[in-house]
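Chemist: Sequence:
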Amino acid sequence: MSEHIIAFIMGIVEGLTEYLPISSTGHLILTGHLLGFEGDRAKTFEVVIQLGSILAIVVLYWKRFFSLLDFKSLNIKKNNRQRLNLLHVFLGILPASIVGFVLHDFIKNVLFSTTVVLVALVVGAFLLIYADKKHTTVTANTLDQLSYKQALYIGLFQCLAVWPGFSRAGSTISGGLLVGASKKTAAEFSFILALPIMVGATGLDVLKNMDAITSGDITTFVIGFVTAFVVALFACIGFLKLLDKVSLSTFAYYRILLAIVFAFIIL
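Sequential numbering from 12 applies to the sequence shown in this note's numbering.
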């Protein structure tokens, strides 16, 4: 199979899964294994096309990102709540940024395997089910009602996402539900946190793997990047609408089923 076709398929998989709590990284690793697209180039390709999906959020939420530059909203109030601002985002990305930076080589060299992903899919599924069952009290119905403490707690949950297959969206949305955010608020905050996290991860990964990328790879990377961007635009909108109709446990059951199917195929 042509690498360009593989890039197109991988781009579709990434775009469809980046914002769902089912692990885009896990799906890419499993898909790459089935297509025979593995190794250092493949790992870097997977990170780069994730940035394509993240760019979709910039397009969909450009007004929200622009409003984050309003530093007046940083003034601390007695109730510890203010309009969503850069401090919320900083607190949300700080824990995972530190863990990801410190463990980067270990994650890339040890955790990027199909077996590790399958285990993470199941463990992450149980977190989704637990968060879904425990989600009874809502204190933040919108992004602007999130407190700094809630943002930090969600950031701590995002640390789980350094485990390939666990799902960044799954960990942050679960964390959001457990600290009192509505499903839509938790999902949208997860979208916003994705931008700085993935830009940082992509930049770090590309710098460390420049030798694995050649000029001949540019077309393959561009195809995957653009495909992921376009598909993610529609997937993100569809996911928010889907949240009104299904529970997070539905995605958890899918993760468990996926792990079982791939265990029979791969192991």
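Keep in mind that a hint or two might mislead.
[Said to hold, decoys possible] Below, a list of computed lysine to any residue pairs in the SDA-like style, where the Cα atoms sit at most 20 angstroms apart:
1) Lys145 - Glu49
2) Lys195 - Asp143
3) Lys74 - Leu114
4) Lys256 - Tyr141
5) Lys219 - Ser108
6) Lys219 - Glu49
7) Lys195 - Gly249
8) Lys195 - Ile109
9) Lys119 - Val257
10) Lys194 - Leu254
11) Lys252 - Val69
12) Lys145 - Leu27
13) Lys160 - Thr147
14) Lys256 - Asp155
15) Lys160 - Leu97
16) Lys194 - Lys119
17) Lys194 - Thr153
18) Lys195 - Tyr164
19) Lys119 - Asp222
20) Lys194 - Asp255
21) Lys145 - Ser193
22) Lys195 - Ser108
23) Lys195 - Asp155
24) Lys144 - Ser258
25) Lys195 - Phe76
26) Lys160 - Ser193
27) Lys160 - Ser108
28) Lys194 - Glu49
29) Lys144 - Val134
30) Lys194 - Leu71
31) Lys195 - Asp222
32) Lys195 - Val210
33) Lys74 - Val210
34) Lys256 - His146
35) Lys219 - Ile109
36) Lys74 - Asp155
37) Lys195 - Lys119
38) Lys119 - Val58
Derived from the structure by calculation, the hints contain no laboratory data.
Chemist: Against this structure, judge whether each hint is valid.
Modeler: Status of each hint after checking the structure:
no. : hint            : verdict
1   : Lys145 - Glu49  : 39 angstroms, violated
2   : Lys195 - Asp143 : 13 angstroms, holds
3   : Lys74 - Leu114  : 34 angstroms, violated
4   : Lys256 - Tyr141 : 19 angstroms, holds
5   : Lys219 - Ser108 : 16 angstroms, holds
6   : Lys219 - Glu49  : 17 angstroms, holds
7   : Lys195 - Gly249 : 12 angstroms, holds
8   : Lys195 - Ile109 : 27 angstroms, violated
9   : Lys119 - Val257 : 34 angstroms, violated
10  : Lys194 - Leu254 : 7 angstroms, holds
11  : Lys252 - Val69  : 19 angstroms, holds
12  : Lys145 - Leu27  : 27 angstroms, violated
13  : Lys160 - Thr147 : 19 angstroms, holds
14  : Lys256 - Asp155 : 24 angstroms, violated
15  : Lys160 - Leu97  : 14 angstroms, holds
16  : Lys194 - Lys119 : 31 angstroms, violated
17  : Lys194 - Thr153 : 10 angstroms, holds
18  : Lys195 - Tyr164 : 17 angstroms, holds
19  : Lys119 - Asp222 : 16 angstroms, holds
20  : Lys194 - Asp255 : 8 angstroms, holds
21  : Lys145 - Ser193 : 12 angstroms, holds
22  : Lys195 - Ser108 : 24 angstroms, violated
23  : Lys195 - Asp155 : 12 angstroms, holds
24  : Lys144 - Ser258 : 10 angstroms, holds
25  : Lys195 - Phe76  : 17 angstroms, holds
26  : Lys160 - Ser193 : 16 angstroms, holds
27  : Lys160 - Ser108 : 18 angstroms, holds
28  : Lys194 - Glu49  : 35 angstroms, violated
29  : Lys144 - Val134 : 16 angstroms, holds
30  : Lys194 - Leu71  : 18 angstroms, holds
31  : Lys195 - Asp222 : 41 angstroms, violated
32  : Lys195 - Val210 : 23 angstroms, violated
33  : Lys74 - Val210  : 19 angstroms, holds
34  : Lys256 - His146 : 16 angstroms, holds
35  : Lys219 - Ile109 : 17 angstroms, holds
36  : Lys74 - Asp155  : 14 angstroms, holds
37  : Lys195 - Lys119 : 32 angstroms, violated
38  : Lys119 - Val58  : 11 angstroms, holds
Checked against the numbered hints listed earlier, the structure breaks hints 1, 3, 8, 9, 12, 14, 16, 22, 28, 31, 32, 37; every other hint is satisfied.
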